[in-house]
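6 protein chains.
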Amino acid sequence: MKILYAGPEERGRYLQEHASPGVTVQARAPQSGPSTIESMVDEYEHIPGVIDVVKWGEANGYDAVLTSCFGDPGIDAMRELVKIPVLAPAETSMHVAAMIGHSFSIVTVLDNVVRPLKKLAKLYGVESKLASIRVLGVSVMMIRTEKDRVYPKAVEACRRCIEEDGADAIVMGCGSMSFYAKEIGEEVGVPVVNPLLVSLRAAEMLVGSGLTHSKRAYPVPPKIGGYPVAFEAAGGAR
Amino acid sequence: MKILYAGPEERGRYLQEHASPGVTVQARAPQSGPSTIESMVDEYEHIPGVIDVVKWGEANGYDAVLTSCFGDPGIDAMRELVKIPVLAPAETSMHVAAMIGHSFSIVTVLDNVVRPLKKLAKLYGVESKLASIRVLGVSVMMIRTEKDRVYPKAVEACRRCIEEDGADAIVMGCGSMSFYAKEIGEEVGVPVVNPLLVSLRAAEMLVGSGLTHSKRAYPVPPKIGGYPVAFEAAGGAR
Amino acid sequence: MKILYAGPEERGRYLQEHASPGVTVQARAPQSGPSTIESMVDEYEHIPGVIDVVKWGEANGYDAVLTSCFGDPGIDAMRELVKIPVLAPAETSMHVAAMIGHSFSIVTVLDNVVRPLKKLAKLYGVESKLASIRVLGVSVMMIRTEKDRVYPKAVEACRRCIEEDGADAIVMGCGSMSFYAKEIGEEVGVPVVNPLLVSLRAAEMLVGSGLTHSKRAYPVPPKIGGYPVAFEAAGGAR
Amino acid sequence: MKILYAGPEERGRYLQEHASPGVTVQARAPQSGPSTIESMVDEYEHIPGVIDVVKWGEANGYDAVLTSCFGDPGIDAMRELVKIPVLAPAETSMHVAAMIGHSFSIVTVLDNVVRPLKKLAKLYGVESKLASIRVLGVSVMMIRTEKDRVYPKAVEACRRCIEEDGADAIVMGCGSMSFYAKEIGEEVGVPVVNPLLVSLRAAEMLVGSGLTHSKRAYPVPPKIGGYPVAFEAAGGAR
Amino acid sequence: MKILYAGPEERGRYLQEHASPGVTVQARAPQSGPSTIESMVDEYEHIPGVIDVVKWGEANGYDAVLTSCFGDPGIDAMRELVKIPVLAPAETSMHVAAMIGHSFSIVTVLDNVVRPLKKLAKLYGVESKLASIRVLGVSVMMIRTEKDRVYPKAVEACRRCIEEDGADAIVMGCGSMSFYAKEIGEEVGVPVVNPLLVSLRAAEMLVGSGLTHSKRAYPVPPKIGGYPVAFEAAGGAR
Amino acid sequence: MKILYAGPEERGRYLQEHASPGVTVQARAPQSGPSTIESMVDEYEHIPGVIDVVKWGEANGYDAVLTSCFGDPGIDAMRELVKIPVLAPAETSMHVAAMIGHSFSIVTVLDNVVRPLKKLAKLYGVESKLASIRVLGVSVMMIRTEKDRVYPKAVEACRRCIEEDGADAIVMGCGSMSFYAKEIGEEVGVPVVNPLLVSLRAAEMLVGSGLTHSKRAYPVPPKIGGYPVAFEAAGGAR
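Protein chains in written order, with the working numbering: chain B, 3 to 240; chain C, 3 to 240; chain R, 3 to 240; chain Z, 3 to 240; chain L, 3 to 240; chain W, 3 to 240.
Source of the hints: derived by calculation from the structure; they are not laboratory data.
Take these hints with a grain of salt, some might be off.
Chain copies aren't distinguished; within one or between two, either way the pair holds.
[What the hints assert, rightly or not] In silico SDA-like links for lysine to any residue, alpha-carbon gap of 20 Å or less: (1) Lys-124 <-> Gly-228; (2) Lys-225 <-> Val-157; (3) Lys-85 <-> Gly-63; (4) Lys-124 <-> Phe-181; (5) Lys-155 <-> Gly-187; (6) Lys-217 <-> Glu-166.
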């Protein structure tokens, strides 16, 4: 099984180290887009580069592609364009968190991303399981470069999700926080979902089960796949 | 009041004709993007050109901007970037339809856009009022060029929305179908929302009421507006 | 365009001053009902007088009628009786607030009206966007006569809606608080919806778009419009 | 236990015959209002007369009052005015139907009342259990006077609720259909709720359990009970 | 009317004292299962003994059976096996609480049972009316043996449900707390539902109205009642 | 990684053949319970035997246990008793189906199991993604022994889920239908989830990601783990 990660090399190496036996993980960073993703403006600028990586992955025989940004930008378009599974970290993490408890919280970087994450929970149909979203008030860059200051805040935020908001599990709501997950989980005593790792393992699950995203859900764009030849009879209700 | 329409000239002229006294409408088509929008791939390609128009509008003293595509692509990013209202046709039409009946249906072009429209209804919070979405099985281009064949199908689809799905009102779910609205409304006997016209009138309503989109909902991206200077105390729950 | 306001003269003058060019606003207060509306008992006593104003408005060539009480009492009956739009302040304000942010709060007078307002949010289908309702603990009369004491409380309540409840926008939940809206909005930095003004502008929007309330949603009462002549075939499911 | 029925004598006698041992039922018809209730206009005209009966009932030592119209008009106002339970047929029937199956349907008279009944299901919080509403297309009067023609249609409608809509139980959605309930239940093989009878029995249940409607939910109107003496501290969130 | 209570003698006597005239209540405790029920493990061990009591009740001419554990374990299986109503305390109490206010809270013993009770509220379709669940942090046994210490805590918990969570009514969320209900209700000023008593009165209501649980909802198991003889035509949608 | 399957040998061998490299799967059938599970009565009888297998699995060093019945009976109790993940087929299949499309349908055996499966979808929080449940009207035994007659019906049912109900993916709603999944998927052109296989792969995903079910969600029963030593301060709201 060959899996492509649409992000930087060092995360690709981390994924390879944590992959199941027999699974090869390769990384390929998008050639365009912003350095970090902290707004909807950033998200849309990020999409074209990732679309190229996804198409390249399918063309080069990969079995699945993992996207890297926790806002899951553009995954619907990517799934329209390829047949292999395209795994997105927020969608995967939320469903896995929903499977291991009655409710979960997300801990993330900035207030900016709270409303977009709530929207994702709604779209993915797991809104009733989302206990809360808490933010650390730090940039994505600080997550990476100032762990000493940021990590204790993350632990405290997780504790409040559990005690005050009733969360059974926590999702690290930013790709860069993936590397905090294991340590925090041991400290706070509930499962903490690492979006990077769980995307890989969920990709293995889908490929290993012979599953991919439904073309009913993500149809080939008509400009590429063609238009229906005849009128439908006035259109069935959806 | 000066309103900018992010679409083609001829629609701008139509809007000017239907504007309130004292309102000037100007059109400015995006300089990039696909000719028609019929998939999520098309939607994302459409965004950058419209962002440019929206920023240009604010810089040139317009009071509001109207986007043209019924999928409402990128409106969250646009609202992050400007302070004037950015009106989107699906969002506006759905709320107006929700105001004039207990439930509404959307009649649109292709099966491809059904799921994205359902998602929008969910995000806009009016999902419980959406009776159904029916499709005509035609391309956006045919709406414009083959009205003879398409129009009767649209009438039939609207009738089925009313009789079978219980719709109190209908939304024309494609910018190009705006021009069918008045005629169909007279034929089927329920209000039919013209997304183009209602976007203009809703823009007038917001500007006239001194309202615009909340910066809490659409905050300035931190790369532009700056990062918070200090940590929040472990993050309030949202 | 001629619009009738079913309330006192001085508010009619305020509306005329804030109307679009070419719009005439006239006021006609109900001839019966309680002086202020602070309970469901008050609401039902208020209805017959407003019904008379609405019917008078249609008979005298008005294009739309605006009701005045924020509890929206009796609007379904009024819409059954006329063909012109009957705009209600809570319904209109909630939909407009839902359009300009992801969530909104209502600030209102007394605890008594909290549950009825929650019910309205549920009926109007915008419940998922209602962040909170906060009350000032004052009578409707005090809003009008003791602004010095009431206004600072209103500002504080709005601030808590924003900071603690996550509201992106605020609705002034009482007709008499309409006159606080502009000032508070400037003070708290989010859009504050003035129900009186937004009802007028929404009426202009509907009339200008050729829309009115659906007769499917608000059918003519059979005692007036007649009964169906034949049995339905066992009744379709709704 | 003494129970007052706010409707005609002959129904009062029916209720007395079906009451538990030791329960006295008396009828007192409202002195004003329309002869039958088939629209929201009718509903509001019906309220003042019933309010008088409810107040009379409390003043004359009754333990509970039953209202008669299946649209449950004005019950919130009535509960504001008295301390004894005021039982409404739709509310009671829907909760009882929800207790005996996973879903229920309502069979009623005219299309007019479908939307109002859907609203009630939403307000009462049992919307997720409502499978469908089916109408017979007959006036309330025909229910009473043309049973030969109406009854077979009612059976057919109930069958379709069960077979096509998945209803586990049926509610007779009109006071006048109460007298069909037993016979239809035997014919279609699922429980059929008689709103008249079940209101009586639910009143006995509440009184016998020492329960009544919460004054938190239905507070005494401030014009009667007095206004709060002091400001609340900026208003708690609800 | 003869009603069987599937629990200990002394509660049976309490029920007999509080039954309507003409109603006989008998108790029959399950012959197996744990002494108290404080986890899902306990719940499943409790079921077989209660099933035996329910079947014995039907075989011996009882008109209804009341189960005793507030977690309502196994009621779906019991209803599959008999035709008489099987009343469960949580289901009954939640629907009755939903009838007498806009929202209710549950006060119960241990954190363990909070999530299972939330699930029940969801399954019974009254989730939107559940304001909160508060726990006392005591074992079921302490409820019975240490009322002096437990009772004041229960009052305080109820007060917080009312003041902080907005509950209009309270449900005693444990069979053993039934005996606190009346006293607490007088102290806190909102209706407090006694699950034991209300189950009895609801059983009287159902039997007196000629109603029982729908066999559509709780069909006879095919191993007992037989399998369908023929294939359905590819299966209707449910 | 060692995984235990709580079901028959031959399915254990199937799972071993489809496991990832390095994963050992062992089967251990419950020593008690009914031969097939087709009602809630069957489900509760099935639980004690599976609990024994689950506890045996943890005691013997397995990393996860898979249960076999698609009704997911007793999983909450099992998770209370062990620390390793206990994977249930319906819960896992529904979340995986929700990940690969916007909506999914379940195709299953008998009408009896439809309502219980709907309840599971509600409890698992994926109800908004469930398009429909269709039944074949056959016993579990026929699935295994009469594939010739049953398989074409299953294909037809899947087609109707896709065409009429709008399903993007299908879940085989019975353990015995797992072996139809691959073939049907190829025939109907949407992903068809094999609950047996996907449970295995999801177990690998959880174990490989260092995750298990939250003890907050499934706490150790107090009779085993001990009671809280002190009162909580009047109980936090949940």
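Open item on the list: Check the structure against each numbered hint from earlier and tell me which ones fail, lowest number first.
Closed with: Hints 1, 2, 4 are the ones this structure does not satisfy, whereas the remaining hints hold.
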